[in-house]
Amino acid sequence: MTFARRFLRFVSGSVRLILQGPGLYWAWLAFLLALIASGGVAYARQVGTGLVVTAMRDQVSWGFYIGNFTFLVGVAAAAVVLVIPAYIYDWKPIREIVVYGELLAVSAIVMCLLFVLVDIGRPDRFWHLVPPWGHLNFPQSILAWDVLVLNLYFVVNFVVVTHILYRAFTGRHYDKRLVVPLVLLSIPMAVGIHTVTAFLYNGLAARPYWNSSILAPQFLASAFCSGPAILLFVLQVLRRFTRFEIQDEAIWKIAELMAYAMFLNLFLHGAEAFKEYYSDTEHLLFTRYWYSGLGEHRTLVPYAWSAVGLNLAAFVLFIVPAARRNWVTLNLGCLAIYAGCYIEKGMGLIIPGLTPDALGEIYEYYPTITELRVAAGVFALGFLVFTLMLKVAVPISLGEFLDQPDGERHLRPASAS
Amino acid sequence: MEPEGRAPRVTRRTFASCAAAAAAGWILTACGPRRLYEVPRERLKKGLADLERRYSAQYGTPVTVADTPPMPGVEFAYALDISRCIGCRRCVYGCVEENNQSRNPQVHWIRVLAMDKEKGVDFTHADPYYEAKEVPEEGHFYLPVQCQQCRNAPCTKVCPTGATWTERDGIVVIDYDWCIGCRYCMAACPYGARHFNWGAPTIPTGALNTSTHYLGNRPRPAGVVEKCTFCIQRSRAGRYPACVEVCPVGARKFGNLLDPDSEIRYVIEHKRVLVLKQDLNTMPKFFYFYGT
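Sequences listed follow chains A and B, in order.
Just so we're aligned, residue -7 is where the first sequence starts under our numbering, counting upward by one.
Just so we're aligned, residue 122 is where the second sequence starts under our numbering, counting upward by one.
In short, the hints are calculated from the structure, not lab data.
A portion of the hints provided could be inaccurate.
[Claimed, not checked] Stretches of chain B that chain A covers, calculated by requiring three or more beta carbons in the stretch to come under 8 Å of a beta carbon on chain A: (1) 197 to 204; (2) 222 to 236; (3) 279 to 290; (4) 294 to 302; (5) 307 to 317.
[Unchecked claim] Capping the alpha-carbon separation at 30 Å, the derived lysine-lysine pairs in DSS-like fashion look like this: (6) B/Lys240 - A/Lys267; (7) B/Lys240 - B/Lys392; (8) B/Lys398 - B/Lys238; (9) B/Lys278 - B/Lys166; (10) A/Lys267 - B/Lys398; (11) B/Lys238 - B/Lys254; (12) A/Lys267 - B/Lys392; (13) B/Lys254 - B/Lys240; (14) B/Lys238 - B/Lys392.
For clarity, every value in this text was computed on a predicted model and none was experimentally measured.
Quick reminder that beta carbons are idealized off the backbone N, C-alpha and C, glycines included.
Please work from the sequences and hints to get the whole structure.
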């Protein structure tokens, strides 16, 4: 019963923490809730009328939703970039912020699963994927693999984070026999979720733009840029608004790792572009649609070059030590990386992969307002989850939210003995 | 394994339990109930009767839903004479009527591509929206494309729920009641043969073909994928697909690949035959040939 009482105190304490905050916190929550409501209304309409309210059609059968899904799998995977140095090399400054990376991973996976859910035509049949009631076409379908690894990754990260935080709440050190193996498992799993997601596209011979073995390494490289970019923002916000101390050194180290990842990303993109343009086969069409457009079909061209420019700019800002130690240029670099990777991974991967379609037709896809609203709603929901988890996790790490059995006796159920 | 011997031991244990969990998961997956089409015979019959009742009420006319199985010793194949096709699109609309495709939003299982004679079979310069006063147009030939019923089908491989598969007579089918609408098969299909019901399909009153097959032309719900089934409701009853019957120039040939005396075997053995996108190793059972 001690456990039950203690857990109850943990839950009620967390709720109390979540309900307290300055005006800015409430404004942020209100903003997120408004976006969620707007997304919910748009999604209800989509469910009622069908996916015809999106801009997707038979020619371009995946669009904005699946693009966001792909990007967010990368964000989720990127937690590992912090876990590796923290646990393998026991690098202390990063170690204390690993928990936040894993919280980010948990929120990102929530968003990933939601993006898949809003994309499918029959969300009411989601259970068809879930054995023993449904039938998961494993191991043939890479999508079945993705379902498995994403959910497993979610569980691993969730268990590690809640265990560490709950133990801290009860004033004990986390259990090494549980955490170390799970963290060691989460490293190959992080690489795994993104590799499997890349293979999802990579394995389709029908789409030459995706059917390139460079896709998985390039996915990982860009993920290891964009994931930490979000985290660097979060860490600065935490430092600003809480007593939480994050050493400059940790932030600079992450920025340095991001520069190497961005170099790799640009190199792999260059290698792919070389192969396509120099060999100049009919498969070049898709790359050309992205970078220069086909005839009058040029919708994506501004996005393509913005992504290239942003990624190059970010690389320069992060590779120069003075620039990554200057807060203004560091944040500009983060913004550039985030935007650059978001464009290249979202629109830049999915849409040119399907344009021209399998029979050579060019249908220019551009998301509708409904798609944008639903996507914004999903992002808001993910950020809401992340915010609320941070609201509890930060005081625990700071030792402000600790179990105090004596002061909380009134919470104990009367019948408990 | 001295002082730090602890860590590897834990890792091994974790590995063992993970392997056990994976094995358990696999067994669970393999033993779980199958798709609706694979339910016991009695329940299937009842399910079909329910469907018939539902469709009949919905369309105000008696509808039959058959589950005719594949015929033994039969593997269907198709051949299309490119030199005969005149691009009239009668097959497209014949198919729509036979197979109860949605009229709005418009779904077409057959796509006729107009191509330049100068360029040959080249999808880059294909035009599916040609509007000619009179066909065939000067300098053009026509390439109708529908499901190629691949032996090595990329679409069935990728389906996460096993809602689409190849039947023993070689027809690739979809269970519309099991498809979750993820559209992975559409991304995987190199022939643009799979079509999604982006909105609720509409068929005008009186236009419904009431003789349907569970895996073929029965009315589909919104949010699922559909495609050509070689008119499974006809071919399994020994009839030609609607597109073969409607073609005014006899460009379309259909038959049993396993019968040495069939027309399809004659075409394959005596004509210059090609398949689309041969390099992808999909091994279509839909052949194109130049008859003249």
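Outcome of the hint check:
1. 197 to 204: violated (count 0)
2. 222 to 236: n = 3 at 8 Å, threshold three: holds.
3. 279 to 290: Held - the stretch 279 to 290 of chain B has 6 residues with a Cβ nearer than 8 Å to chain A, which meets the minimum of three.
4. 294 to 302: It holds: at least three residues are needed, and the stretch 294 to 302 of chain B offers 4 whose Cβ sits within less than 8 Å of chain A.
5. 307 to 317: Three-residue rule met by the stretch 307 to 317 of chain B, so holds; n is 10.
6. B/Lys240 - A/Lys267: holds (25 Å)
7. B/Lys240 - B/Lys392: holds (22 Å)
8. B/Lys398 - B/Lys238: Status holds; Cα separation ~19 Å.
9. B/Lys278 - B/Lys166: holds (28 Å)
10. A/Lys267 - B/Lys398: holds (21 Å)
11. B/Lys238 - B/Lys254: holds (19 Å)
12. A/Lys267 - B/Lys392: Violated - the C-alpha atoms of B/Lys392 and A/Lys267 are around 38 Å apart, more than 30 Å.
13. B/Lys254 - B/Lys240: Measuring from Cα to Cα gives roughly 23 Å; hence the hint holds.
14. B/Lys238 - B/Lys392: Status holds; Cα separation ~20 Å.
Hint compliance for this structure: hints 1, 12 are not met, and every other hint is.
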